[in-house]
Amino acid sequence: MILSTPGQIRDLLARLHTVAMVGASSNSLRPSYTVFSYLRTQTPYDVAPINPTLTEIDGIAAYPTLAAYAKQHRAPDVVDVFRKPSEVVGVVSDAIAAGAKAIWFQYGVINDEAIALADQAGLDVVVDRCMKVEHARFRGGLSTSGLNSGLITSRRPII
Amino acid sequence: MQHEHRFGFATRAIHAGTPPDPATGSRAAPIYQTAAYVFGSTEQAAELFALRSYGYIYSRISNPTVAAFEERMASLEGGLGAIAFSSGLAAQLCSILSLAQAGDHLVCAQNVYGGTVTQLSVTVKRMGIDTTFVSAENPDAARAAIGARTKFLFVETIGNPSGIVADLGSFAAVAHEAGVPLVVDNTFATPYLCRPIELGADIVLHSATKFINGHGTAIGGVLIESGKFPWGNGRFPLLDTPSPGYHGKVFTETFGEYAFLMRARAEVSRDVGAAMSPMDAWLMLLGLETLELRMDRHVRNARAVVDFLRNRPEVAWVRAPQMGSVFTFGLGGGREAGRRFIDALDLWSHLANIGDAKSLVIHPASTTHSQLSDEELRLAGVEPESIRLSVGLEDVDDLLWDLDNGLRAAEAA
Chain A
-16 MILSTPGQIR DLLARLHTVA MVGASSNSLR PSYTVFSYLR TQTPYDVAPI NPTLTEIDGI
44 AAYPTLAAYA KQHRAPDVVD VFRKPSEVVG VVSDAIAAGA KAIWFQYGVI NDEAIALADQ
104 AGLDVVVDRC MKVEHARFRG GLSTSGLNSG LITSRRPII
Chain B
65 MQHEHRFGFA TRAIHAGTPP DPATGSRAAP IYQTAAYVFG STEQAAELFA LRSYGYIYSR
125 ISNPTVAAFE ERMASLEGGL GAIAFSSGLA AQLCSILSLA QAGDHLVCAQ NVYGGTVTQL
185 SVTVKRMGID TTFVSAENPD AARAAIGART KFLFVETIGN PSGIVADLGS FAAVAHEAGV
245 PLVVDNTFAT PYLCRPIELG ADIVLHSATK FINGHGTAIG GVLIESGKFP WGNGRFPLLD
305 TPSPGYHGKV FTETFGEYAF LMRARAEVSR DVGAAMSPMD AWLMLLGLET LELRMDRHVR
365 NARAVVDFLR NRPEVAWVRA PQMGSVFTFG LGGGREAGRR FIDALDLWSH LANIGDAKSL
425 VIHPASTTHS QLSDEELRLA GVEPESIRLS VGLEDVDDLL WDLDNGLRAA EAA
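Those sequence lines, one after another, are chains A and B. For the first sequence, the residue numbers in this note's numbering are -16 to 142. For the second sequence, the residue numbers in this note's numbering are 65 to 477.
Only chain B is shown next, with the shape it has when bound in the complex:
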């Protein structure tokens, strides 16, 4: 559709999904803290349950505050729509369950978040869905790994914590050539730094806990779909054959471009039950209003920290992507020096998260990626001595002062 005016990113980050509340005119998004919604009539209730009209039934399926967050994310990523979940891993699991069943297969970059590797190689595998892990730097390896029952190709825009930036355009070409969608975790980049759908991705995932929330106050996840993938291409019987969960409805026939989103919400999210809460959605909406301002500052502070570390003799290596504010580095003194470094920090918070206004530090090999074998760690781009930093929004001089103290302590032994 031709648009009268194209609103910019910052405007949409503040307004998309939140016109004035139709019931009250409230300009701030109201927190609809309710489990369920009264039907206008038995006929209206039946229309809602049959997916023939729009509206709210029960907050496990949809909620006005959560929907506002979903629509805002869809707008910022340039998607057709979005579904929010109680965590990023829940969003990921529901994406898998929307497309794959026992006997099916997935292809995933091997440098992804350790929790994702475990979800795929342990829990999802136990459900009869196998995953082949391939290099995030080699789209040809992904091409070779895609088979007849492969349901999607999965990569992270920026690998956690390897910092490898995936060539999304090439991965999208490989996926589409084989008739499968490209699913991209865009958590580290955010839609402000990178919009995977513009580069060919079909589904975008986020741990909204990170930069979207921005302040470390809530756990959440979201999936956004482009609406452009041909779900009726014969590879996705869950979408283009009669659904036993909906009286034989064929989602591609009834909903056209909305088929994936309607089924993922009405069947998969409904049955899994990992919905985002209204209060958490409200915190996410508030976070998004300042996403652009925060990301600019995150990136500026991160560049200063990277420059600082590269000029320190105690630092053996720095692996920082061209984008974002999360990266790893290693000390010449190895893992033990790293332990002394983290223990000596006073301002940086030692915890397992990223994307907070507060600066964060962690040793991935013994924490976030501790379920991985030595071989998996190496393939994930995690060295035994890697220290991951998530650079926050504080005065950069204070961040460097604290890092200087840490580096001195690391050397002292």
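Bound conformation, chain A alone:
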């Protein structure tokens, strides 16, 4: 199912434990490092980089493929994708094979075929959103910087 409402995204973030990040970078100026570092240090999620050119980032072991990750751990709750749109159909196939329950395409990672493939395989799908920004929206991080979280609520935070 394609998740697009704030409530659907908040619920996904609230039930995640493991995040496999395809294309995570060790270059501190890259968005894929910024998101990795945020999720590792500011959330309770277990985050694993999936990148065949790296052995680790900030002391966290990297895996060359999603299959290699799934072999050592259980299936990831979500696969977070930082890759060119033209390369992500294969990432979806790998995510399905690895038993992922959800797939998250970061800003600009938009490929209709990949989205449809993941949706039809029963994965929850988030498109053209940043996991760091969405987590920060519901956790209150965006609000610390005067950013418009879009949240109107009289309940106490749930994530």
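The set of hints was computed from the structure by calculation and includes no laboratory data. This structure is a prediction, so every number in the text was calculated from the model and none was measured. Careful: at least some of the hints might be erroneous.
Just a few of them, taken from the derived set where beta-carbon distance is under 7 Å, the chain B residues facing chain A [to be verified]:
(1) G72
(2) G119
(3) Y122
(4) S139
(5) G320
Far from chain B by the CB rule (all over 12 Å, computed), these chain A residues [unchecked claim]:
(6) H0
(7) E70
(8) I79
(9) I135
Here are some, though not all, of the chain B residues that point toward chain A, as calculated from beta-carbon distances under 7 Å [said to hold, decoys possible]:
(10) P83
(11) G89
(12) L153
(13) G192
Just so you know, even glycine gets a beta-carbon here, dropped at the ideal spot from N, CA and C.
Since chain A is already given, all that's left is putting chain B on it; use the hints.
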């Protein structure tokens, strides 16, 4: 993102930015009266300083109470985010410093607040940034004034005090055609009467001292950004080339749509140091809760005052915009009659402010716009005899009673 439910203006004016306090559940926004915040660990401190996580470091950069006000303003104006400042002029200066440096150029409507004209033509000019002033009624003149190093086009929604309502859609088209953002001061209209971002503006500024606070109790300013302007278009090296203030970070690359807001806060606001105080932000939040109710009454009272003045023989002219509750008028007896009029008023407060619950009166040529030359005054839409009224929330009969006394005194000499 598709929304489950779109909350209305009044609801957002009361709730946006202020969910229950996560630490205590406090339903009213707490006043976080603190200079600094304890870090959880050295690693967390490093992440915060490197702008890789969200949180508080020092109240010159951000503060929970101030952030609540910022988020509420962003919500009401329909922006991506906001930054609050110690005054409207500070918000304006930081907008300029976020986009322009020595050798750059700005284009500004000539009918703006006198303090803005002075800021641009004296202080900002001294920093090597020139401004060309153009008519607020002629977007084509703005088009002709934009050059290769122009960084933005600036107009007021409703000119202070000329009452000229700018055609924001046309100005936005002119700005965007040239690859520059449209910056709009929306102080006189408030987001209840006009939302410039919906008409194409990229940055909205307010003197929050006015209708946002609503009660004349604090000085403040705020900028709101739409998040829609393409800052990576090649015209803004401060945003899309490595920043010496942040270890070579390229803001457009790291923060995407948040690039302007992140740099304006983390570098410019940090270095200028004109932050809003938590107490003042709390007064602004409280003011916003009744913005819609107050604006309806401001406008209703203003219409009655305009009708009253237009029917008085002592009044030579009334220049009132279609929107808002601030306008000017002139007496047949000229400047001297105006002086007698102001001196005879008892209920209206003679002071340099607008947007208060209390009704206010001033003579702009000798006060708010006194730094301007005769030619600048004429271009700003200020006559030597102009009297500016900011109509408050009192019983309108009492306001008219006092004006009647003033008009009689003006005639008496």
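Now for the hints, and whether the structure bears them out:
A least Cβ separation of about 10 Å between B:G72 and chain A goes past the 7 Å threshold, and the interface hint is therefore violated. Nearest Cβ of chain A to the Cβ of B:G119: about 6 Å, under the 7 Å cut. The hint holds. Because the closest C-beta pair between B:Y122 and chain A is about 13 Å apart, greater than 7 Å, the hint is violated. The restraint placing B:S139 at the interface with chain A holds, with a minimum CB-CB distance near 5 Å, inside the 7 Å limit.
Interface restraint check for B:G320: the shortest CB-CB distance to chain A comes to about 6 Å, inside 7 Å, so the restraint holds. With a least beta-carbon separation of about 20 Å from chain B, A:H0 lies farther than 12 Å from that chain, consistent with its non-interface assignment. Listed as outside the interface, A:E70 is consistent with that label: its C-beta sits roughly 20 Å from the nearest C-beta of chain B, beyond the 12 Å cut-off. The claim that A:I79 lies off the interface holds: its Cβ sits roughly 25 Å from the closest Cβ of chain B, which is beyond the 12 Å cut-off.
The beta carbon of A:I135 sits about 5 Å from the closest Cβ of chain B, which is not more than 12 Å, so the claim that it is off the interface is violated. Because the smallest distance between the Cβ of B:P83 and any Cβ of chain A comes to about 5 Å, under 7 Å, the interface hint for this residue holds. Against a cut-off of 7 Å between C-beta atoms, the interface hint on B:G89 holds, since the closest Cβ of chain A lies about 6 Å away. Hint on B:L153 is violated. Least Cβ distance to chain A is approximately 19 Å, over the 7 Å limit.
Given hint, B:G192 at the interface with chain A, is violated; its Cβ is 30 Å from that chain's nearest Cβ, farther than 7 Å.
When held up to the earlier numbered hints, the structure conflicts with 1, 3, 9, 12, 13 and fits the remainder.
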